[in-house]
Each structure stands twice: as C-alpha cells, then as structure tokens.
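Protein sequences, first through last, are from chains A and S. So the first sequence is numbered by my numbering: it starts at 1 and just counts up by one. So the second sequence is numbered by my numbering: it starts at 1001 and just counts up by one.
Rather than coming from a laboratory, the hints here were simulated on the basis of the structure. Hints may contain errors.
As the list claims (entries may be wrong) - Computed beta-carbon distance windows for the label pairs: (1) S/1418 / A/299: 43 to 49 Å; (2) S/1310 / A/144: 43 to 49 Å; (3) A/298 / S/1219: 45 to 51 Å; (4) S/1379 / A/141: 43 to 49 Å.
As the list claims (entries may be wrong) - Covered by chain S, per the in silico footprint, the following chain A stretches (three or more residues, Cβ under 8 Å): (5) 195-201; (6) 246-255; (7) 302-311.
Small disclaimer: the values here were computed from a predicted structure and weren't measured. All residues carry an ideal CB built from backbone N, CA and C; glycine is no exception.
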Amino acid sequence: MSVSETNATRPAAKPLTNVKKSLYFHVGLIGVLFLLQFILPAYHHGNLARIMVLASYAMGYNILFGYTGLLSLGHAMFFAAGMYGMGLPMAHLGWTPEPALVAGFVAGIVVSASIGFLALRTSGVSFMIVTLMFAQAGFLTILYFGEWTRGDEGFVIQQAERVMAGFDLSQPANRYNAALILFSLCLIFTLKLVHSRFGRVMIAIRENEERTQMLGYDVHFHKWMAVIMSGTMAALAGAAYALLFGYAGATFASVQYSIFPLLWVLLGGAGTALGPFIGTLFMFYLIDLSSSFTTAYMLIAGLALVLLTLFLPQGLVGELRRRVMPWLT
Amino acid sequence: MTKTSKPILKPLLTPRLTGRRQVLKGAAASLALGAVSMPLMGRYAQTQSAEPIKIGFQVHRTGIGAAYGRWYDRTTMAAVDKINSEGGINGRPIEIIAEDDGTDPKRGAEVVEKFATQHNADLAFGTLFSHVVYGSAPRAGELKIPYFVVSEGHHVASGALNRYTLQPGITDVKSQVQAMAPFVADNLGKKVTMVYPDFAFGHDHRDYFSAAIEAQGGKVIEKIAIPPTETSFTKYFPKIPRDTEVIYHVMVGPAVLTFVKEMGEFFGSSRPEIFGFIDSLEATDLSSPGLEFLEGTYFWEGNPRYAQANQSEYDKAYRAAVGVDANGASVSDTKDVSTYAHMFGCWETLHIVKAGMEASGYSGTGDRAKLIEAVEAMTDMPHSHAHPQGAKRFNGKTHQTFGHQYITRVNNSRLDLVHTTSIEDTLYPDEVDYTKQSF
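Using the sequences and the hints given, assemble the complete structure.
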C-alpha cells in the first residue's frame, strides 16, 4: 500500500473547535493550579487558596456584569448572604458544615431571587443605585441584628467546627483543595453557561437588549436568572470564605466589598471566564507588594486600573483574547 | 446577649504545667519584669543569638483606625528603642516588621499569614479594632503564631478566640465599663440614659453598663441606639427622659463633634450630668470648636491624656519616650493629639513579651508554646517603667489583663483626674480557660 493510499484512507484530523480549545485551556489551568500546591511556598499557597475563593466571587459578578451587561453595586449582600446563611446556623444551631453550606447556598438563591425581582424593575444607572441601596440595607440589617450576627465585630467559626466530610478545612492542603474545587466548579459552570443557548441570550442582551427582545426572547426572565446565578455563586464564595478562613463579619457586606469584584473583573477582563481570576490575582499581589513600601497602595491600585482602562480597555485576559487567543471564552 | 460559639476545649489533651513549674515560671516572669524596670541589669542579659526577635506589627495605617494606628506605631517604636537600648530580649534586639491591615478583617488575616509564613516572625502584635482581631485570630491559631492584641475588646476573655491569642497589656471593655458604675452611681446619679452607636461596640457598653449600674442600685431608664450612618442627632435628644440624672455617651467616629455640639444646643445651660468614654475624642483636641459644652463633664480614660498633679515617674518617662507633651499632644506638633488612653497597651505588651521570652528561655519559633505558657503564668505586674499606666493583674486562664481605670473631668478644656478605680472593680468571673486548650 502506497503512502498516498494510506493518507487517502485515513480520515483527516479535525481542527479543534474554538469551544474545545477554550475548554482544554481552562481545564489545563485547573491542572496547573492543582500542581502549584506542591511547589508554592507556604505564604503563596495560602494566598492562592484565598484568591481562588475571591475569584469565585468575581466569577459570579462576571456572569451579571461581564456576560449580561448589568452593573451591580450591591454584590456584597449576596456574598454576605452565603457567609451568614452558612455561619449563623453553625454558630447558633450547632450545624455541621455540610448542611450549613447548603443553607448558605439556599440563602444565596433566596436573596438574589428576591433582590433581582425588585431591582430588575429598573435598568442602567437606576439598577446600580437600587442594588447599592439594597446592599446598604443588608449591611445595616446585619448591624441591627447584632445580638445574633455580632454586627461589625463578626464572629469566629472555630477550627474544630470546620471539619467537612472528615477533612479539617483549616489545614492548608485541605483548604487549598476545597478552594480549588469551588473555583473549578464555578469556572466550569461559567464555561458551560456561556456556551449554552441560555448564555448566548445573556450575551445578546448585553450587546443589544432591544434587538434581543424583538427576536422574541424573554429578556426579563433571562436577566432575572442571571442575577440568581450570579448572586448564588457569590453566596457560595461567601460561605466558602467563612468556612475556610473561620470568620464571618459585617465588613464583607459593606460597599467596599461590592466594589472589589467590579475592579477584579474590569482588571482581568469582563466577559472572559478567566478574567475574574487574573484580576483578583493581579489586584491581590499589587496591594500585597505595594503595601510593603507605601500606605497609598490603594492609590497604586487605582492608578493601575486607570492605566489598564486607558490602554487595555478589555482587561488583561480580554486583551489576550483580542491579540493572541481569539477562541478564549 | 447571645454569645458567639465557644471553642472546643480539650482538657485531657492539654499539656498541663505542674504546680512546681508554674511557680518557677511565675517567679521567673516576675524577675524578668523587674529586670525590665532596671535598665542596667537588662544590658547584661545573656546573649544567645545575634539574630533579632522578629515581631510582626499589625498596624492600622489606613482605614477607620488610622489615627490610632499612627500613635500605636509611635508607641511601639519607642518601646522597641527602649528595650533594645537596654539589651534587647535575651540579648537579642527586637526587629519590628510592620504591615498595614487597612483596619480590615480580611487584610488583617492576610497580614498575620504573611508574618507567620513569609517573614517567619516570632509573633504577631498590636491590633486594636475588634473586627480585625476576630478576622485574624483564627489564622493565628491555625498557624500557631502567638498573637498579642491591644484591642480592649472582650473577644479574648469571652472565649471566642484561641490559645494563641492574648491581651496582656490593656483592660477589656467589660472591665472598663463595669468599673465606671460605682463612681457614676455614687457621684453623678442613678437614673441613666445611654446614647451609643448601634453596632457591637455600642452594644457591649449597653449590656455591660446596664448590668453594672443595676448592681449599684441604679438603672438605665432609656437606651438610645444611633445608627452608624447618622450625621445629625437632633431627633434623638427629645427621647432623653426628663428625669434623667446622667447621660452616658460613647459615640465614635467623625460625627462625634456634631453630636456634642447638637447636645449642647439642645440642653443649653441646664443639663444633666454627662459621662462619656474618651474613645469618642481620642486624637481630638478638646479645645476644638463645638466641644465647649463638654466643660464640667466626665470621661473614662484608660490612661490620663493630660499629665496630672500626681504624675508618676513612670508616666513621665513613658510620655517623654513616645514624644507626648503634658497636654497629650505630640511634642513636635501640638495639634497632633495622641490616643493616650489606649496606646500604652503597645508599650506594656512589648514589655510583657520581653518578660515572657526571658522567663521561658525563648530561642526561636519552636518555643512559641513556651512563650505562651510563660505569659499565662504571669499574675501581678507592678506599676513600673514597663507598666507606666499602672499596676496590672493578668489572668492566665482568660488571657486577659485587669488594671486601674481613670475618670477625669473637663476643666478649662483639659482633663483632670477625679477618680482612680481599683483593680478589683474591673474583675469579673472567668468565661474561659484557654490553658485547657492544646497547642
């Protein structure tokens, strides 16, 4: 059999579709994150665990802002809903982490569905203001019920109580892998979502809401679902933070913690699955390093944001997608 | 008030000190404390290593605690200069590694991690704001790094934290508040209206003072909680009952000047007695416009801001070392008023760390548990150069110290001492025994 005959009978290798390329890339990242735990020094090992939890929060924010085009200034209330939804039953009812985590998840769904139902009666700047006001009301509610929440001081979830399925989540390796599982689930969910029909409608709403409506899609329903998915992911991150780092406090419900995910997503690249992680990582180390030599580290962070907005308006990953990896989701 | 979850105690697993060891450690700690007061002796402490003792200083350089942080920083550096000039700790100098926590509990926890895993600090120290302590203490416990807070919060003694967290340099809010009740009831009146911020700090005052004044035969007849976002207070003053004999206020934050001014406008010249916590006016000049109404009112002070007629030699030396004048302001800028009622805690805590390390023969991070045991074994700390605020009594089980409190009266825009409480006034039953927790 000649060489030409062999080639003729063999089916030609199909080039990878953009979806698969993107999927392999993100799965590869998860693999790299898994391997990093074996080589990172203790300090960076702990940092990366925290960054993955916060990046999960940012990924939740990205669903609403990056993919649906709705700018919320109140996501801290969702983060806090998960944190307190999980932490309060543990502190006052003696719940174990497993049901408490479910409670945090349910709290996220309930709060985001309720707030979304009301806030989506507005749009644009009004939506921003309404979410901001709801979040402020949530923050004050936590302070008001200080007898249970310990208000601004917050409360500690003791090390001995943070054992889930036999794993002590206060131990560095367990904490890292728990954070990685959460991060991976959120990342895979985001990828599945944006490649789904539902996700494409979300993106269509972001690009042109009127046209999407004209095509017959239920825009309001899709936006509401986006708020619920976004808020619930943020709540899961809040619950995970309390569980992995042993503390729940009202600070996490303050306006500052609504602004953070916006910054992380803008820095990393809105509307990219990886952007929230890169943004969170970048901001974390920018603050960590700059705070070593100046108290004006937030000024440096602000300056970095201004420069990135001016010169890399699509964020770090957005720019990477534009220049090198057009298939990146 | 519902308490936060209690730590799991493991009495059977705890390595207990024997009675003899406890006595020896207590004696050694007392000797070390004495040595701290005698600079020349300290210089001849045996040198074990030239490596500095690395102390991670968690400082509020930015955020709501920045004014406190600035003075905590100055006090800490002054204490370190003094200790190092006297021979350091076991012959080793102290090196302060300062990290700004932004007065934020998340960043606070990150900073503690940085001390433990990147700087390889011997211990972490210096936190004031309670929410930062709550956020950071779990990580300190998990990383097994001693965490000496200077917060005055009741968090340590309540049992909410862990064996690695101690507060040996400043009395907590529960003690402070209950120690005020006898003076208020005996001298100012028994019918009290409380005005406090509607968050945890205010709630602590509300709960502890209500119980304490009732024990003195008095009563809180009205509790006025003010939301933290409030900027004007006029609508709250009509809620003060007419038969109020004493107003107890503990407002904090920038709105306090408005609060005092509006209270003055409401009452005019006929007012009830007024008692407040200086927390409201730390780092604030009493001659600021609007504060005239405070003339003749009373304040709790952890340490009198103005040098008093009976000023001790210890306060005089401490004040000079930190750079504070007789009016409680910076010697280089009379407008830069100190947080004098609290910042002594940094000075005293560092001296206790020195005493603890010397008593335990501390040589490195492997001896962290020994350091904690040595501090737990401490009891009475005499009024000295190491303790310029006054004598202290440390409770090793609750990891909390107890000390004298001061009540001052505003006379011609300065605070004059009118009463000093006893240490016994500040005591309350133990709520935890950290020594039963394993390391």
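Residue 299 of chain A and residue 1418 of chain S - C-beta distance against the hinted 43 to 49 Å: Roughly 45 Å apart at Cβ, these two residues keep to the hinted range, so it holds.
Okay, residue 1379 of chain S versus residue 141 of chain A on CB: inside 43 to 49 Å? Holds: the Cβ-Cβ distance is about 44 Å, inside 43 to 49 Å.
Between residue 298 of chain A and residue 1219 of chain S, is the Cβ distance one that fits in 45 to 51 Å? For residue 1219 of chain S against residue 298 of chain A, whose Cβ atoms are near 47 Å apart, the range 45 to 51 Å holds.
Confirm or reject the claim that residue 1310 of chain S and residue 144 of chain A have a C-beta distance inside 43 to 49 Å. holds (45 Å)
Establish whether the coverage given for the segment 246-255 of chain A by chain S is satisfied; the threshold is a Cβ-Cβ distance below 8 Å, and no fewer than three residues must meet it. Since 6 is at least three, the answer is holds.
For the segment 195-201 of chain A, does the count of residues with a C-beta closer than 8 Å to a C-beta of chain S reach 3? violated (count 0)
Residue count check for the segment 302-311 of chain A against chain S: does it reach three with CB-CB under 8 Å? Answer violated; 0 residues pass the 8 Å Cβ test.
In the structure shown, a violation is registered for the earlier hints numbered 5 and 7, in ascending order.
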